[in-house]
Amino acid sequence: MKKQLFLVFTLLSFGFSVSAQKEYKLTKSSGRLNLNISGAIIEGYAGKEIIFTAPVLKDAEEDERAKGLRPISSSGFADNTGLGIEVSEKGDDVNVNSVSKKTEGIMTIKVPQGMKVVISNSSNLYHTDISLKNLKNEIEVSTSYNKILLENNTGPMNIKSLYGTVDAIFTGEIKGPVSIVSVYGYVDVTMPTSTKANIELGSNRGNLYAADAFKIAVDKPVEKVNEKSFEKATVVVTDNAVAKATDKKTDNGSNEAVSGITSVKVTGTNAVVTRVNGLEINTASGISGVTNRLNARGLTINAFGSNRDIESIKGKLNGGGSDLVFKSNYQNVYLRTK
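Just so you know, my numbering puts the end of the sequence shown at 1097, numbered straight through with nothing missing.
Quick caveat, the hints were computed from the structure, so don't treat them as lab data.
Note that the structure is predicted; figures quoted are calculated from it, not measured.
Heads up, some of the hints might be wrong.
[Stated by the list, open to error] Calculated pairs, DSSO-like style, for lysine-lysine (alpha carbon to alpha carbon, straight line, at most 27 Å): (1) K1075 - K934; (2) K781 - K869; (3) K892 - K787; (4) K1097 - K1073; (5) K955 - K1073; (6) K919 - K892; (7) K1097 - K955; (8) K1075 - K955; (9) K906 - K919; (10) K934 - K875; (11) K1075 - K919; (12) K826 - K787; (13) K781 - K849; (14) K1073 - K934; (15) K781 - K955; (16) K1086 - K934; (17) K934 - K787; (18) K979 - K781.
I would like the entire structure built from these sequences, with the hints used as guidance.
Set out below in structure tokens:
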């Protein structure tokens, strides 16, 4: 049996002494809640108010000079809740933005189940886990480093993380479409075997794992995609950070068309080519014809590339139903039974 993935957050884990809870309420039971914060526990409930709660730290230092003042930020947001966040309304939207960079424990947000929830956080410094549970409307999450925990949500949902992992547990019917994608983190999904779905699993660098109980009727046997590799193929940069398709001899004497360079960085006599024809390049060296950093015309780059099979499965569960997509670019994808 899969171990419980969803952490029981306790304030003791932070080593703080807590004397009370701060609370802020807003009467709202429909529309969209937009959260631009570092992290929180967001929980759906059968109510008519959005309730923000955060711990008051007994040992928190108080700035005597700040008495009578309120925190503001360079973004123009001002704390109107006492919780280090600004809450404002615009039409059907409720917008929540962080003001204080220091988080006092874990914020909990109780959301009426009829509301849509949108979360974004691109910070690489200020990020904590994001937990969403018991929500029955649309969810959209886009983060850079946050770990994302999903439990007992129905969907639809669009979950994207750059470096964070995503753990999801579905306990009942799933309303699609559902897309859960992490670039550098794993994606781990638990759901009932009775789920009716059009399902797609994919990983560029990792592996795909599924419980035997899931009988995926593959739409069509998908051959592994093998991007063509080349070794020491010469790439000629004809203009600053721009390359046209060029046929050059490789070490084995065959002609290879090298094109589609999306990034070329020139520093002195070194250059880094990140992708050629969708193929990641590890290193690039052997630069010639450099006149200065701004004029890269005439550069010749000897690039060393490698290829990797892309794992992809697309099919139906129990005859098909909601569209479900679970993917990770660099890590594994897991599909477990509930």
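Structure-based check of each hint:
1. About 15 Å separates the Cα atoms of K1075 and K934, which keeps this hinted pair within 27 Å; it holds.
2. For the hint linking K781 to K869, the alpha-carbon distance of about 14 Å falls within 27 Å, and the restraint holds.
3. Of the supplied pair hints, the one linking K892 and K787 holds, its CA atoms being roughly 19 Å apart against a limit of 27 Å.
4. Of the pairs offered as hints, the one joining K1097 and K1073 holds, with about 21 Å between alpha carbons and a cut-off of 27 Å not exceeded.
5. Distance hint between K955 and K1073 is fulfilled; the C-alpha atoms sit about 14 Å from each other, no more than 27 Å.
6. Restraint check for K919 and K892: the C-alpha separation of about 17 Å stays at or below 27 Å, so the hint holds.
7. Straight-line distance between C-alpha atoms of K1097 and K955 comes to about 14 Å, which keeps the hinted pair within the 27 Å bound.
8. Taking the CA atoms of K1075 and K955, the gap is about 8 Å. The hint holds against a cut of 27 Å.
9. For the suggested pair K906 and K919, the alpha carbons sit about 11 Å apart, so the restraint of at most 27 Å is met.
10. Our distance criterion of 27 Å between C-alpha atoms is met by K934 and K875, whose separation comes to about 14 Å.
11. Taking the CA atoms of K1075 and K919, the gap is near 23 Å; set against the 27 Å cutoff, the hint holds.
12. In summary, the hint linking K826 to K787 is not supported, as the alpha carbons are separated by about 31 Å, beyond the 27 Å threshold.
13. Between K781 and K849 the CA atoms are separated by roughly 24 Å; this keeps the pair inside 27 Å, and the hint holds.
14. For the suggested pair K1073 and K934, the alpha carbons sit about 18 Å apart, so the restraint of at most 27 Å is met.
15. Our distance criterion of 27 Å between C-alpha atoms is broken by K781 and K955, whose separation comes to about 43 Å.
16. Simply put, K1086 and K934 have alpha-carbon atoms about 18 Å apart, close enough for the 27 Å limit, and the pair holds.
17. For the suggested pair K934 and K787, the alpha carbons sit about 24 Å apart, so the restraint of at most 27 Å is met.
18. Pair hint K979 plus K781 does not hold up; C-alpha atoms about 55 Å apart against a cutoff of 27 Å.
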